[in-house]
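Start from chain A and add chain B according to the hints.
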Amino acid sequence: MTRPAAVVVTVMLAAGTAPTAQEQAVAPEQAVRQEIAVAAELTVPLEPQDQQAGSRAGLIEQDQARKAASLTAAKPTKVEAYVTRVYDAFLGGQMHWHAFFQNAYSGGGFTIGAGYLLFVSPSNTLDIRGSITPSGYKRIEAEFIAPGLFGRRATFSAIGGWREATQVGFYGFGMTSTVDARANYSFQQPYGSATIEVRPTRKLFLVRGGLEFTQWKQGPGSGEEPSIETKYTPETLPGLGAQPVYLHTTATVGVDSRAAVGYARSGGLYAATFHDFADPDKTHGFQQVDYEAIQHIPLVREAWVVSLHGLLQTSYSKAGQQIPFFMMPSIGGGSDLRAYASWRLRDLNSLLLQAEWRVIANRFLDMAVFYDTGRVAPRLDALKLNDLKNDAGLGFRFHGPLTTPLRLELAKGSDGFGFVIAASHAF
Amino acid sequence: MRGRFVLIAALVLAPLVAPVSPAGPRFYNDDPIPREPETRDAAGAAPLGIDLFYEYAYNLFVTARRKPTNTRALNVNTIDEVPDSSWFTNRVGASPMSAQQIARGPNSDAKPAPEQWVILREKTSGTNPGFTVKDGNGQTWFLQFDPPEYPGASTADVQIATKVFWALGYNQVETFITTFDPRRVVIDPTATKRRLSGERTPFTRDDMQVVLERAARTNDGTYRASVGRLLEGKVLGNFRYAGTRPDDPNDLVPHEHRRELRALRVFGAWMNLVDLKAGNTLDELVAANGHSVIRHYLQDVGSSLGMANDYGVWDQGWEYFYDGPAMRKRLLSFGFDLSPWQTVPYVEYPSVGRFEGERFDPTTWKPQTPTTAYMNLDADDAFWAARRVAAFSDELIRAAVHEGQFSDPAAERHLAAVLMQRRDRIAQAYLPAINPVVDPKLSPDGTLVFENAAVAAGVAEAPTAYSTTWSWFDNATGATRPIGAAESATTSVAAPGWSRDGGQFVEIDIACASDAHPSWQQPVRAYFRRTSAGWKLVGLERPAAPLTASAPAKRGAEK
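Taken in sequence, the protein lines are chains A and B.
Numbering-wise, the first sequence is residues 1 to 427 according to the working numbering.
Numbering-wise, the second sequence is residues 1 to 559 according to the working numbering.
Okay, chain A solo, but in the shape it has when bound:
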């Protein structure tokens, strides 16, 4: 279709003829309407005054004069103005209220919560937050974070709070435990801790130290499964009914080359953490060492990322003391053996191995095929790579450059299916 030049000219002039406020609006959504109005002008002759202009420049000048007589202020649309306000509030530190989906203890189920974050200095924050689940898991705490200490080489955090878990599962020790053997226990825990994380070179090398003062008040469990004291006694289950107070010190050394803890497509973490749980009553004191390795390997320009995770936890009771059952290493739950219930396997030592084949769908969504395997054992030398519990599954992760706000996964293992909804990364 050939479009005559006169039509072209008329279109140009019509577009600027006595524009109404609507025609002048800058919002993109009005562009189509504008075009229709312009096109409609094609079928009508020019205004008589246009004929008097005598030149193309004169016609345009007339249109500019018309518009000059009816100028309006340039304003964003209502939607844009609202988005801008929200955006500014986030960036300006004015968005104090936030969602908080971390429940009191793993296995609490769907969690709702909220927090109120305020800056106590240009960089330091205080976050007061709480969460609750339908099964009655509760958590309330306040956390102070001071990043950028020692020339941006250290971050200090202090946290104090209280939490309650009402129906934590215990299935027995070792690999022979079954789902049907589940008994529930509860605990309440006040806690206060301080942690400092130092990266001497600002990247890569990591040293972390922490001190926590806490009390675990273990008690009967609620829920459909029997309460734990109906199946065990303090003689058959170490720490049953105990309410130990701990001075818990930790020390971590490692190498962390990930871009961020909450989301990464490359880099890795290799770290060892030493825990000392000192019981002033010298009844339930113990020590634990965690060895953890994470590696993300991008393939074919991030068509895929192979992510590998290994975690070995080994605990030692102090002389003359015993480790309460609820403090022993455990695997099972939404971030490790994902088809298995939280705390499904317990013993003095645990080994977890995970592999994910991640498909990078776009900048905000990953899909992952994963395989988890692991076992627990009473002795470190019994942590062999046979008779492992394992699962496999498929998941989707909605993420930003540094965090994973939503993770949906379905896994199948020997206990059945497990469906995970989480507000954090898997590893």
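Calculated directly from the structure, the hints in this document are not laboratory data.
Quick reminder that beta carbons are idealized off the backbone N, C-alpha and C, glycines included.
Mixed in with the good hints there might be a few duds.
Pairwise CB distance ranges (calculated) [unchecked claim]:
1. A:Val86 <-> B:Glu81: 55 to 63 Å
2. B:Lys329 <-> A:Val86: 28 to 36 Å
3. B:Pro350 <-> A:Gln322: 54 to 62 Å
4. A:Pro200 <-> B:Gln421: 18 to 26 Å
5. B:Thr179 <-> A:Pro122: 29 to 37 Å
6. B:Gly198 <-> A:Ala251: 34 to 42 Å
Pairs of lysine to any residue residues, derived as SDA-like cross-links and limited to a Cα-Cα distance of at most 20 Å, are as follows [what the hints assert, rightly or not]:
7. A:Lys75 <-> B:Glu284
8. A:Lys75 <-> B:Gly279
9. A:Lys318 <-> A:Thr249
Same frame as chain A, now just chain B:
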């Protein structure tokens, strides 16, 4: 839907029912206008920015779903060219351009004085680290560094892209490559930085250090930097790629129908300018001809030449930030259906981003987010833009790339070669797509000469014949009187039965007979006015065609 129907119906009917006679002459004495007049004072215009998230979301989920309106560009003059304006100045392709001219670009002689930089505040936009600074002469500049992974690349990219987009016709900020020595930096006592709390507190040495840790440092402890001069005038925020400014009396044409903004789809593809968002534009109120007008800038063209690829891996220019079909394809195939950019064999240099020409297809190129102007690119807009890209000779490209001040000559040669390859791809894609007859001239003796832009660019075989149909044209009524028809195997055609006093205007349809390009049979129509100096071209209509994706393999074979 109904609105779309009205639009289409109006466009179809327009040529049939829009006589020129009631409205006045088809061509005025000043046609074709070389410059859009800006006659009214825009001093009352107020600043208006655009929110980043809003723009991204709107463009990805609303604009991207829009179909092209098939509305012809509305700011072209009667010979189908974009006149000069506060948006655009005809440069390359409009008149000869020398290597010296493109090397100078928008710059004046007043270079930055890097002896001492005074930091005024942090850089608040863009991904590259930087500051707002004053130089030793008290001039204010926006300074940015190279990322450590690509030493020399970002600063070169800004330089080259600025020169190229200036040559293409856009208003550009003066930019220079300079040196930043942190040992000789002063922090202005009033300098502040916005903290996470939103509070602004005094800018510190450590704040500077934070920025420098993200920058490529040279062996002598200094940093190579790119600086852009602070524009004179009042900043009015960003221009939008749709609608008009309601507070600018001179802004009459909806921006999505400005050809030079639509053409950024072609120019952006050439340079891989992926960050086409309105947030990278700038409206500036300046004095001109005794009153205030708004001048429109492409403010940040540094996301070009592969330097915007995020995470150092994902190659932009192939997909929008959110691209449903590409995402679904990856998900359903578990990633095994690789996207094109995942298999491109890049030649990599530290000072050059991932940028290639072998797999480049301008018709499928995509920026981070589409704009309304991008969506409205028509085949004739693309043709117009491709001619400008094709007007860049190898020498001009080498001169622009040389301004990147590469330390590695091989990197410089590679980048220039890729730009040439992408230029040729653009010419292949768009010049043969519609009737490519250009620059018709009619001599006093009635000999019509013209060019075939596709043939001249070497991307198409010459047609077997050019057929012309001549008529006298009544400028007042639009009526025509046939003169006759003539054919030629060349781009020179003698008038049939020419009568010197037949009229003041002559209308000539020029069609091309080419089996390879059936669309060339749609004639280009040229209008000439008799003047004392001879026949002057006053009108040119190029047949329109919807923009379609090309078949690169076929194009390559043709070449």
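Hint check results:
Between Val86 of chain A and Glu81 of chain B the beta carbon distance is about 44 Å. The supplied range of 55 to 63 Å is therefore violated. Here the CB-CB span from Lys329 of chain B to Val86 of chain A is close to 33 Å, well matched to the stated 28 to 36 Å. At about 60 Å, the beta-carbon gap between Pro350 of chain B and Gln322 of chain A stays in the expected band of 54 to 62 Å. Separated by about 47 Å at the C-beta atoms, Pro200 of chain A and Gln421 of chain B break the suggested range of 18 to 26 Å.
The hinted window of 29 to 37 Å between Thr179 of chain B and Pro122 of chain A holds, with their beta carbons roughly 31 Å apart. About 36 Å separates the C-beta atoms of Gly198 of chain B and Ala251 of chain A, a value consistent with the hinted range of 34 to 42 Å. Under the criterion of a C-alpha separation no larger than 20 Å, the hint pairing Lys75 of chain A with Glu284 of chain B is consistent with the structure, at around 17 Å. As the CA atoms of Lys75 of chain A and Gly279 of chain B are separated by approximately 15 Å, the hinted pair is consistent with the 20 Å bound.
This hinted pair checks out: Lys318 of chain A and Thr249 of chain A have alpha carbons roughly 15 Å apart, not beyond 20 Å.
Hints 1 and 4, counting from the list given before, are not met by this structure.
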